[in-house]
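Fit chain B to the given chain A structure using the hints.
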Amino acid sequence: MPIVKPAPAEQFDDMGQQRRAVLMGMWVFLVTELLLFGGGFAMFAMYRVQHPQVFAEAAGHLSLPLATANTVLLLTSGLTMALAEQAVEAGSRRLTLVFYLATMALGLGFLGVKGYEWYQEWQAQLMPLPGLVFAWPGNESQQAELFFNLYFILTGLHALHMVIGLGLLGVMVVLVQRWRDPHRLTRQTQVSGLYWAFVDVIWLFLFTTLYLLGP
Amino acid sequence: MTAEVHKHYLSGGWSLHSWLLTTDHKRICWLYLVSITGFFFLGGIAALLIRLELMTPPGDFLTAEGYNETFSLHGIVMVWFFLIPSIPATLGNFLMPMMVGARDLAFPRLNLLSWYIYTLGGIFTIVMVIGGGVDTGWTFYTPYSSLFSSSAVIAAVAGVFIVGFSSILTGINFIVTTHTMRAPGMHWLRLPLFVWANYATSLILVLATPVLSVTLLLIAAERLLGIGIFDPSLGGDPLLFQHLFWFYSHPAVYIMILPAMGVVSELITCFSKNRIFGYKGMVLAIMAISLFGFVVWGHHMFTSGQSLYAGILFSFFSFLVAVPSAVKTLNWTATLYRGRITFTAPMIYGLSFLGLFAIGGLTGIFLAALALDVHLHDTYFITAHFHYIMVGGAVTAYLGGLHFWWPKMTGRLYSELWSKIAALALFIGFNLTFFPQFLLGYSGMPRRYHEYPEAFQLLHVMSSLGSVVLAIGYLLPLVYFTWSLFRGAPAGANPWQAEGLEWRTASPPPKHNFVSIPRVTEGPYAYR
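As given, the protein sequences belong to chains A and B, one line each in that order. Letter by letter, the first sequence follows residues 1 to 215 in the numbering used here. Letter by letter, the second sequence follows residues 216 to 743 in the numbering used here.
I should point out that these hints are in silico values taken from the structure, not numbers from a laboratory. Misleading hints may appear alongside valid ones.
[What the hints assert, rightly or not] Pairwise CB distance ranges (calculated):
{"hint": "1", "chain 1": "A", "residue 1": "Leu23", "chain 2": "B", "residue 2": "Trp229", "range": "36 to 42 Å"}
{"hint": "2", "chain 1": "B", "residue 1": "Thr736", "chain 2": "A", "residue 2": "Glu10", "range": "24 to 30 Å"}
{"hint": "3", "chain 1": "A", "residue 1": "Val163", "chain 2": "B", "residue 2": "Leu231", "range": "33 to 39 Å"}
{"hint": "4", "chain 1": "B", "residue 1": "Ala586", "chain 2": "A", "residue 2": "Gly156", "range": "43 to 49 Å"}
{"hint": "5", "chain 1": "A", "residue 1": "Leu95", "chain 2": "B", "residue 2": "Leu328", "range": "33 to 39 Å"}
{"hint": "6", "chain 1": "A", "residue 1": "Trp27", "chain 2": "B", "residue 2": "Gly738", "range": "26 to 32 Å"}
{"hint": "7", "chain 1": "B", "residue 1": "Glu666", "chain 2": "A", "residue 2": "Leu64", "range": "57 to 63 Å"}
{"hint": "8", "chain 1": "B", "residue 1": "Leu328", "chain 2": "A", "residue 2": "Trp179", "range": "24 to 30 Å"}
{"hint": "9", "chain 1": "A", "residue 1": "Val98", "chain 2": "B", "residue 2": "Phe363", "range": "52 to 58 Å"}
[As the list claims (entries may be wrong)] Not everything, but these chain B residues come out facing chain A in the computed CB check (under 8 Å):
{"hint": "10", "residue": "Arg318"}
{"hint": "11", "residue": "Ala321"}
{"hint": "12", "residue": "Thr430"}
{"hint": "13", "residue": "Gly451"}
Virtual Cβ for every residue (Gly too), placed ideally from N, Cα, C.
In isolation and in its complexed conformation, chain A is listed as follows:
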């Protein structure tokens, strides 16, 4: 099989420059994402300091077992994602596909568990949406509502990023099936891997701030 040398896009001198530019672009983009969540975390931190007791109490109403299971799922998906990157470099199309599909399955599992958790909270009347009853068993019901507002916004925003990540993985699976140009794929694997790792890291922070800082 003749080896076709991949050509860079017209604005670049060579593949190395293109690779550096694309990876750096992704890193800078992730910085903006970090600050997007950063604003949310800053708000949460401030309100937690203002209403320490009721926030701790409200955190106790979240399901720690489900969130722990989700953490395990997501961290494992981080592993399979990293392995997919190795598989691309090793040039194994089959293994790459397996690891991508495994990552997708784990990601979907995470969303399933998250959805179940939201369903439970809805059942427990802790979902502060218009048309729903918000029934808080303790004192300071309104401040508890503030906690759940932030909880749903932050986990919702994270879930949205998971969906985007799954879409990205879907694209990768299609690209692997074509498998024309492993060189090109390295760059795309790295970029999607970075994104997935970022979503992973954000969850770790959500897990610690929302669930573990309880009573």
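Leaving out everything else, chain B in the frame of chain A:
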């Protein structure tokens, strides 16, 4: 060679397709110029309506509500859709790749996407603001915006949120281009100050815009879903909104002024034919301004009831920003010293910038003082101060840059006489409009009122008349630039005998900017 000359970037055709699907940074610059000019004149019409209302003490031309809607339109359009993208998206887009010696930006398709997001988002927002009568001012302060205003706040906020992505994409593109696309020999300390300024601006765009995005998202959620984050009845804090808002919007001021400073550095050096005085100091000052810009947001909130100790710190840092700003102003002045100065139109804009920016900057120091700010807060003094920076500074530099690089962008010259008249009209009209506002504010005229006591009428009339002169200063370039586009004399590659990579290629430049990628052997501004 002759075949090469004819293949410049505009000769690729004039079909709609060749413009709307282009990924050439030079053509995208033109797309931006068209959108931005449209937004600018819309915001300008709103400004003239405001000045018309303020000709007489009673509210006889606009109702109080109509006045609120008009100044909201003016602020929203001018800040979000004109000032923030103005220099980076137009001149920056055209010049960043050329100045670092690259064929294009790192991500040309993202660049085009960013224009689409900007233009469609902008038009959507403006339709919503006018149709929905948004009356919150450009700051969307809670709880008014979230709980009380009955206008189309959700749509307006969503529009500004969407346009934020365009800023982020431009920012990423400039940062990556500066890092990875420099020509051989173009070290960091050989970059023109225009590149440094846009680089620093991009850092701010990338770091600050997402925080604004999440904040606007929460206002929309609060109105749409009733999810109260800033709602006091839930224990939420409206002041938190102000903190998050100004965490973006104060650095945004530097998004507007830093690129202007970059432009002025090019103008002053070229038309005094001198090297820039203290290049490294200028670079440091640019980076220092962008850094300090992140720790001064609280000076917008001295009277809001934030902690006094926070106020003292914010006041201290605000004074500190004055140091690099003064370094820049003094270095420009020193650059003029013993220069061979020619008073071309771009230079008149550049010198106007120096004067107006100095006044705007010095009055900023008044406002950074905790005690004095209590007296001046929310008066016309503030209005005058930030117009001196944003209009006197940013818009003057934008026009100066446009006059400077116009021959490069189009390959044609414009009327020397008319451009000088326009530049002078801007300087005179601007001062006539906004200097009286300092006096008004100091004697107690609050901003955002459509009526006022008769004692203030003289100054208000002066200001309104000045705005007409100013409008002439803005309309004239539209006329002679359009004329130049079709009838202007050929400019040649370097009509100003300027230094810089962009002047070493043809005007208009070929599609990939250079026939062969240049090698850089010396620093910028190598004037003798």
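Which constraints among the numbered hints does this structure fail? Numbers only, ascending. none
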